[in-house]
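With the hints as your guide, set chain B onto chain A.
Listed here are the chains, written in short residue letters.
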Amino acid sequence: MKELTYREMGLTDAEYSQIVTIMNREPNYLETGLFAVMWSEHCGYKNSRPLLKTFPTVGPQVIHGPGENAGVVDIGDGQALVFKIESHNHPSAIEPYQGAATGVGGIVRDIFTMGARPIASLNSLRFGGLEDARVRELLSGVVAGIGDYGNCLGIPTVGGEVYFNEAYQGNPLVNAMCVGLVKKDEIALAVASEVGSLIMIVGAKTGRDGIHGATFASEELSEKSKEKRPSVQVGDPFMEKLLIEACLELIQEDLVAGMQDLGAAGLTSSIAESASKKGRGVEVDVLKVPRRETGMNPYEVMLSESQERMLIIPRPGTEHRIKEIFDKWGLDAVAIGKVTDDGIFRVMEGEAVAGEVPVMALTEGCPVYVRTAEEPEYYARCKAYDLTALPEINSREALQKLLASPNIASKKWIFSQYDYQVMTNTAIIPGEGDAAVLRIKGTRKGVALVTDCNSRMVYLDPYQGGMMAVCEAARNLACVGAKPLALTNCLNFGNPEKPNIYWQMKNAIAGMSTAAQALDTPVVSGNVSLYNETAQGAIYPTPVVGMAGLLQDIEQRCDMAFKDSGDLIILLGRFRDELGGSEYLSVCHGLETGAVPRVNLEEEISLLNLIQNLIRAQLLQSCHDISEGGIAVTVAESAIMGNVGCTIKINSQDGRVDGLLFSEAPGRVVASVKRTAMDRLVQLVVDYKVEMRIIGTVGGDELVIEDSGTEITRLPVREASRIWREAIECFMK
Amino acid sequence: MKFGVVVFPGSNCDGDCYNMIKDVLCQEVDYIWHKETAVTGYDALILPGGFSYGDYLRTGAIARFSPIMPAVIDFAHQGGLLLGICNGFQILLEAGLLPGAMLRNRSLKFICDKVYLKVKRNDTPFSNKLQPNEVINVPIAHGEGNYFCDAETLAELQRENRILFTYCNSNGQEENAFNPNGSVANIAGIINKQGNVLGMMPHPERCSEQILGGTDGYNIFASMLQSFQEVGC
Chain A
1269 MKELTYREMG LTDAEYSQIV TIMNREPNYL ETGLFAVMWS EHCGYKNSRP
1319 LLKTFPTVGP QVIHGPGENA GVVDIGDGQA LVFKIESHNH PSAIEPYQGA
1369 ATGVGGIVRD IFTMGARPIA SLNSLRFGGL EDARVRELLS GVVAGIGDYG
1419 NCLGIPTVGG EVYFNEAYQG NPLVNAMCVG LVKKDEIALA VASEVGSLIM
1469 IVGAKTGRDG IHGATFASEE LSEKSKEKRP SVQVGDPFME KLLIEACLEL
1519 IQEDLVAGMQ DLGAAGLTSS IAESASKKGR GVEVDVLKVP RRETGMNPYE
1569 VMLSESQERM LIIPRPGTEH RIKEIFDKWG LDAVAIGKVT DDGIFRVMEG
1619 EAVAGEVPVM ALTEGCPVYV RTAEEPEYYA RCKAYDLTAL PEINSREALQ
1669 KLLASPNIAS KKWIFSQYDY QVMTNTAIIP GEGDAAVLRI KGTRKGVALV
1719 TDCNSRMVYL DPYQGGMMAV CEAARNLACV GAKPLALTNC LNFGNPEKPN
1769 IYWQMKNAIA GMSTAAQALD TPVVSGNVSL YNETAQGAIY PTPVVGMAGL
1819 LQDIEQRCDM AFKDSGDLII LLGRFRDELG GSEYLSVCHG LETGAVPRVN
1869 LEEEISLLNL IQNLIRAQLL QSCHDISEGG IAVTVAESAI MGNVGCTIKI
1919 NSQDGRVDGL LFSEAPGRVV ASVKRTAMDR LVQLVVDYKV EMRIIGTVGG
1969 DELVIEDSGT EITRLPVREA SRIWREAIEC FMK
Chain B
1487 MKFGVVVFPG SNCDGDCYNM IKDVLCQEVD YIWHKETAVT GYDALILPGG
1537 FSYGDYLRTG AIARFSPIMP AVIDFAHQGG LLLGICNGFQ ILLEAGLLPG
1587 AMLRNRSLKF ICDKVYLKVK RNDTPFSNKL QPNEVINVPI AHGEGNYFCD
1637 AETLAELQRE NRILFTYCNS NGQEENAFNP NGSVANIAGI INKQGNVLGM
1687 MPHPERCSEQ ILGGTDGYNI FASMLQSFQE VGC
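So the sequence lines, in the order shown, correspond to chains A and B.
According to the numbering used here, the stretch in the first sequence is residues 1269 to 2001, in order.
According to the numbering used here, the stretch in the second sequence is residues 1487 to 1719, in order.
So here's chain A without its partners, still in its complex pose (with noise of 0.2 angstroms):
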């Protein structure tokens, strides 16, 4: 391999006078590269973490918040969820199947590091239109790779959201989520206890694949990147489902006194912050590393991103049997070196010293960049842009034009390539709620789980986006019959190193941060991305979140298919018309524009807890939150969902008809109810102060929408049904 300057591995002339500074020398070869991973964005969230920390991260509910591989959340009888989201953008962009795979790899890891057992995967993507070949090349690439490695892992891919827009043209977003359960006394924290304690490198042969990974994810995608392919690695998931049936074991035993995955920056980072965590020391010898490749020097050892790798710290004396176990599966695990009280970070190659570094500047010591925000001209102009001007279109023509607008049809191509029903939990299945719902075996618990993030919002107004984003996730629970309890970002931007850019990123966290603070749902892990741009320009601001609820019985859980002729349809929220950043804006009038709708906090927490109480008491017969496309679609997807017709009324006293049919203001949602119960819901709808509307009734095979007593739409649900459910498949045909 070609020898890089520090400048190619990403390293500034600040960071590197910085370095010498430390060191007191000039760093050689692997210690600059030791340094230059460890301080890439990545690794060191040296631009983020100011940020970061104005996230609410406590709560009765949080056991570990941000700081460990992932957040662990009770859910009572002494267990506990473990979770996190994680970006795999730039590998995905370059090399879509492999780089969504080993996404996947990467965060399935990252949970079973924790000692949990990984019950569900979920994932957010964003890609181009779907009229360009390439956007459909790298769609069908990572929801192969995406498929082909969680089913193989035997892992349900649950649910996920996927949009479309030219701002991801040349930066598609690939963001995985993992969830796994786990006791609360059997959590496996990554701690680097005693002096003199063994380290281990377990699990796949270390390779020349993904070097400088993740000083690849931290800067702009360009043209130049194609060279970067051998930066992407290669998954093998069967080799990472015996990992996780080994570990597991070991974590049963009680063998391990800290572990650790290899990911972003391979040994490095993980020697690094598992010996940080207690201020120790570390040696380790690369000759010892199990390698697949001859000739690799200690820079290349150290930074491989081989995958289905796992570092750990035995307890004394067990390192017999770990072995033992790891034979059993027919995997490598070798002692490389030892905890020291040095407090420095030792590289050895036989009997020679490679590299020596004090451990804490590389974690610690990362630089923290705050940068300069600069409101961009766009924002005030898409503000005050006068929506009142805008002609109203045919409302049937529009609907239809929403149900085939890939944003909003099905989404069955992509998910039927997903095993979503192995382990046998899975009680909601894609497509058939707001959320996933999975149950938790010997229990009446369900765990409700979704992502969510409209970037179309955010990018207009990204402080309301923001919050829109955690209301929106919290909301689908609660839609599902679940409690939110706490939240996992991805948050993928551009080059903060652009004002404009990371004044979207300020504000748009600070949006997320209240609105998690007001709903209760702490930050408790997460991942940021950064850089996502191209010669193009940025990406929408795209801060992802996934959060868990849960359901105390789930035989109580609620989906979003309207049930039985006769039901009342009612609206659970207020009649607003606001188009500011709606599908309906794009799609019909080739506008992304306008005023978001605001978010009100106080609203929303009340809905959220009447939907709850509402399920709960087994009042709804349906519950659908109102999302892109408004409430026409909302209400064609429940009835496409129960192949049943209904009837909407509106009232254009109530405003334009093309807003009350397709705004996406939030706090709304749409749900049915047999008549017989309509009493006891209107005395909790009074109880919890929340507006609510009959607007309709379940009936038919047609969907029928009348303004003021006049129809203006019929459409048979069949039709409907069609429209929606070939669109994307039509695309990718």
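One or more of the hints may lead you astray.
[As the list claims (entries may be wrong)] Chain B regions said to be covered by chain A (calculated; three or more residues, Cβ under 8 angstroms): (1) 1533 to 1546; (2) 1587 to 1598; (3) 1662 to 1674; (4) 1681 to 1692.
[Said to hold, decoys possible] Heads up, simulated DSSO-like pairs for lysine-lysine below, C-alpha to C-alpha not over 27 angstroms straight-line: (5) A:1751 / A:1713; (6) B:1488 / A:1596; (7) B:1508 / A:1596; (8) B:1521 / A:1473; (9) B:1595 / A:2001; (10) A:1957 / A:2001.
Just so you know, the hints here were simulated from the structure itself, not pulled from any lab data.
Note that the coordinates shown come from a computational prediction; the quantities given were computed from them, not determined experimentally.
In this text, a Cβ means the ideal position worked out from N, Cα and C, and glycines have one as well.
This is chain B only, laid out in the frame that chain A set:
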């Protein structure tokens, strides 16, 4: 009745089968690690779904050489009930306990969905709780479930009534359009000559409880139990 669920490296429906037998069918069940060499004491064996050996080489091609397999084959030859689901079916083909081979789905994509199956006969140990021509709704999840055999073998399977399940629609119509993977003669599951070995691509263990969206799969396991109680006790 005592079941054994064989665990190969990469099996991932072993736990689902185990839980189904233990908690839903309420029968005794053990895991059997693939490095074992005996299967004494079991009344039925299940080869579960998953990706044994990561599907390297061909699905089921390496698992077929696992140390446990001679005992499994012997068990089948002696008339023991043996059910292979998904990857388990693929292993049965590779082991020669059932004829034919698996190709990739004709869409060349992994498919997770729920399909309708037609029960072709109910005089087998796997279908005695079902009705002939009954339509059941069972999930599938596979990338290589496109069953193939030559014309001669197919004729033999048909002549000997060894096709137990075919893909169909909710009315029981067997047509290419309702065949999710392109398998020959819409085959979803076949039995051996003696009728004690069943291989099927769909997952009955995933639809044996109402909370999972249906209970049509339960009767396949219940049939095994009934046949054991009739013959075995």
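**OP:** Return the numbers of the hints above that this structure violates; sort them in rising order.
**Re:** 3, 10
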